[in-house]
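What follows is the residue order along each chain.
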Amino acid sequence: MTSEALYRMRDLQKRYGSDFALHVQQMDVRQGEVLGLLGPTGCGKSTLLRILAGLENPSSGCIHFSGAPLVATALPLVTLRRMTLVPQRPILLAGTVRLNVEYGLRLRRIRNRTEKVDDALEQLGLTGIASQAAQTLSGGQTQLVALARALVITPDVLLLDEPTAHLDPAHVALVEGVIQRFRQEYRATIVWATHNLFQARRVAVRTALLLDGQFVEVGQTEEFFKNPSDPRTDDFIQGRIVY
Amino acid sequence: MPPLDGDLWSILWLSLRVSGVAVLISSLIGIPCGVWLGLSQRRGRHLLSAVIQTGMALPPVVVGLVLYILLSRSGPLAFLGWLFTPKAMIVAQTVLALPFVIGITMSSVAAVPSELPLQIRTLGASAWQCRWAVLREARHGVLLAVAAAFGRSISEVGAVLIVGGNIQGHTRVLTTAIVLETGKGDFAFALALGAVLLLLALAVNLLIARLQRGRWPA
Chain A
1 MTSEALYRMR DLQKRYGSDF ALHVQQMDVR QGEVLGLLGP TGCGKSTLLR
51 ILAGLENPSS GCIHFSGAPL VATALPLVTL RRMTLVPQRP ILLAGTVRLN
101 VEYGLRLRRI RNRTEKVDDA LEQLGLTGIA SQAAQTLSGG QTQLVALARA
151 LVITPDVLLL DEPTAHLDPA HVALVEGVIQ RFRQEYRATI VWATHNLFQA
201 RRVAVRTALL LDGQFVEVGQ TEEFFKNPSD PRTDDFIQGR IVY
Chain B
244 MPPLDGDLWS ILWLSLRVSG VAVLISSLIG IPCGVWLGLS QRRGRHLLSA
294 VIQTGMALPP VVVGLVLYIL LSRSGPLAFL GWLFTPKAMI VAQTVLALPF
344 VIGITMSSVA AVPSELPLQI RTLGASAWQC RWAVLREARH GVLLAVAAAF
394 GRSISEVGAV LIVGGNIQGH TRVLTTAIVL ETGKGDFAFA LALGAVLLLL
444 ALAVNLLIAR LQRGRWPA
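Top to bottom, those sequences are chains A and B. Just so you know, the numbering used here puts 179 at position 179 of the first sequence, and the rest follows in order with no gaps. Start counting at 1 in the second sequence, then tack on 243, and there's your number in the numbering used here.
Check the hints yourself; a few may be wrong.
Dumping the calculated SDA-like pairs for lysine to any residue here, alpha-carbon to alpha-carbon at most 25 Å [claimed, not checked]:
#1 A/Lys-116 x B/Gln-372
#2 A/Lys-116 x B/Pro-275
#3 A/Lys-116 x B/Thr-328
#4 A/Lys-116 x B/Ser-369
FYI, nobody ran anything at the bench for these hints, they're computed from the structure. These figures come from a predicted structure and were not determined experimentally.
All chains, full assembly: derive it from the sequences and hints.
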């Protein structure tokens with residue numbers, strides 16, 4: 001893993017009307033790392049992920065991706081296709097599970113899709129429901145399909161917004177394993193938003209805590225949990241901050 | 244049989260041709276407009292929506308009258324020479340069908356979850372691919388719009404009577420033929436023509452229902 005910054009954010013702010021959603025003084029996401037993003041509900045994790053995915057522009061400040069400014073409204077398709085976001089509440093297209101998983105490949109006009117799609121379905125235990133209508137799936141199955149359709153396009157950057165929120169422990173372990181293997185195989189950069197402290201500790205190389213739209217602390221995961229430098233991080237880890 | 248018997252096929256064919264072309268034109272204009280308006284978050288969208296829905300209540304005779312004035316010898320569009328031709332009837336039916344196509348498409352697209360285009364985009368979709376994905380999700384409503392437009396067109400009588408003139412073998416369609424036969428007191432034949440009209444509408448709607456159930460490319 002290198003320490004080269006893939007994303008570079010400086011004095012980045014996002015407001016909705018007069019409300020502040022996010023204010024990042026300075027933050028980098030390094031090439032090839034897994035950055036765990038911790039924070040309570042409504043702290044700005046999803047907003048940050050949408051900005052990183054090129055879906056929204058910040059209200060002020062700047063963000064660079066691979067050395068170039070990331071502007072959602074003028075994002076070249078080739079850059080957009082390097083990153084993908086797995087949202088907290090995925091919406092699947094009308095059609096089968098297979099159609100949904102192969103959708104990103106269709107968008108890229110990739111012809112030999114079958115093997116890749118079969119592989120993604122198998123990895124996430126979806127082979128048995130490949131022909132099922134996507135609209136009939138449970139919340140957990142929907143989340144797995146959303147993850148499969150993101151992995152199959154092998155993005156350079158995988159942005160995950162609570163990807164295991166609706167899953168049972170066995171499937172949580174499955175997803176964590178699949179994503180870790182994906183990262184090793186493709187050297188992908190992953191930003192993983194989660195409420196789950198244990199999950200962040202298991203999967204992240206670095207961990208960051210967002211509170212009220214601001215980064216409180218960013219550090220190597222083990223250091224972050226063992227010796228937090230900010231008392232608010234310690235309070236959050238110990239469960240003393242109750243939201 | 245009444246004298247219309249020999250012309251029945253030409254009347255049927257002209258009805259299909261005029262309404263078919265009107266629906267095609269109104270769909271080509273109305274579906275993109277409806278998708279754009281359905282996805283738009285601009286101010287004034289609700290006012291525009293109300294105006295379009297008011298267009299669904301356009302009185303056909305008023306549309307016929309306005310077109311007559313425009314296309315008549317002293318009108319600004321007289322040079323086209325379209326008055327009392329199938330072209331004028333197509334224009335009239337297009338004007339009447341267009342608000343249905345735009346309005347119903349717009350509502351169907353607006354009913355698609357607003358997050359969907361963003362989620363499609365993050366999978367690498369271009370702006371056009373996003374719009375197609377939304378249209379695909381709203382396809383039941385969009386095809387309903389086409390069906391409503393066809394229903395409005397094929398059953399319309401006031402406007403086509405004014406701008407077409409109900410000329411035998413030239414601009415006579417099923418609805419104007421029904422008016423003529425009713426005026427002549429041949430109710431049985433008028434009713435038979437009405438049944439033909441309904442069967443035609445049924446056939447087209449069965450085709451549209453088939454398209455609604457069919458697979459659309461992703």
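Hint-by-hint comparison with the structure:
no. : hint                  : verdict
1   : A/Lys-116 x B/Gln-372 : holds, 22 Å
2   : A/Lys-116 x B/Pro-275 : violated, 34 Å
3   : A/Lys-116 x B/Thr-328 : violated, 58 Å
4   : A/Lys-116 x B/Ser-369 : holds, 22 Å
In summary, the numbered hints that this structure violates are 2, 3.
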